[in-house]
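Colleague: Below are the chains, spelled out letter by letter.
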Amino acid sequence: MEENKNTKKEMSTKDMLKKIILRAVIVILVSAILEVVNIFALKNDYLDAFCSCLIVLGIVMFIKHLRIVKNEKLMKKYTIARQDERNISIATRAGYITFYFATLVNAVLSIVFQIKEYYLVSQVLSFVCCGSLLLYLILYFVFRNRD
Amino acid sequence: MENKLEQLRKEKNLNQEQLGEMLGVSRQTIISIEKGKYNPSIILAFKIAKIFESNIEDIFIYNDED
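Order-wise, the sequence lines are chains A and B. Oh and the first sequence: position 1 is 1 in the working numbering, straight run, nothing missing. Oh and the second sequence: position 36 is 1036 in the working numbering, straight run, nothing missing.
Hints were generated in silico from the structure; no laboratory data involved. Just to be clear, a hint being listed does not mean it is correct.
[As the list claims (entries may be wrong)] In silico PhoX-like pairs for lysine-lysine, Cα to Cα no more than 25 Å straight-line: (1) A/K77 with B/K1010; (2) B/K1050 with A/K76; (3) A/K77 with B/K1035; (4) A/K76 with B/K1047; (5) A/K73 with B/K1047; (6) A/K76 with B/K1012; (7) B/K1037 with A/K77.
[To be verified] Simulated restraints on C-beta separations: (8) B/E1053 with A/G131: 50 to 56 Å; (9) B/E1053 with A/M16: 44 to 50 Å; (10) B/Q1028 with A/K18: 25 to 31 Å; (11) A/N71 with B/Q1028: 20 to 26 Å; (12) A/C53 with B/Q1028: 27 to 33 Å.
[Stated by the list, open to error] Non-contacting residues of chain A with respect to chain B, defined by C-beta distances greater than 10 Å in every case (computed): (13) I55; (14) I80; (15) A81; (16) R86; (17) N87; (18) A91; (19) I97; (20) N106; (21) V108; (22) I111; (23) V121; (24) R144.
All C-beta atoms, glycine included, are put in the ideal place defined by N, C-alpha and C.
With the hints as constraints, model all of the structure from the sequences given.
Modeller: The structure is reproduced here in structure tokens:
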């Protein structure tokens, strides 16, 4: 029965990995198309670098997850790492500390740029800061009512 | 929170890797629980109790300071 449960878990991991591989393929294809369009029509340096990065990222994602799907030992390790509650708790903690500092830095920089008279940058940073805080509040109330 | 996980694991002749596999968690998680650095969720605590055929309160000792 326990073995059956583990096989089920590995199956769901396999499905999830297949979805990630599919996403990687989509990222590679879309970036490649955008890169070709950029080379022949737009000729924008920023877009060129952006697409190249996305293609490399997609290839890395594709190879990494394909290796896991094809290797049972790696798949077992990946399944455990994915469902390990301590890992999840560490990632959650890291996430909220990152959010806290990112919002704080955004707020401080927004004031600094306002003083330095870079109004557009200051405005964008303020929007990002307020937007993320608003999203946090909305999600907080949604989860509070749901759970 | 103190616990008897290490003692019970050794009594069952299991290593941390094997116990981790049985519980579906990493070896690092077992190490952290044994050292008392990480308190497992209620579900993991139940799984541990089931493996050692014991009650949660016999494995994990709650102090008022916790």
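Colleague: I'd like to know which numbered hints this structure contradicts. Please list them from smallest to largest.
Modeller: Hints 9, 14, 15, 16, 17 contradicted; others consistent.
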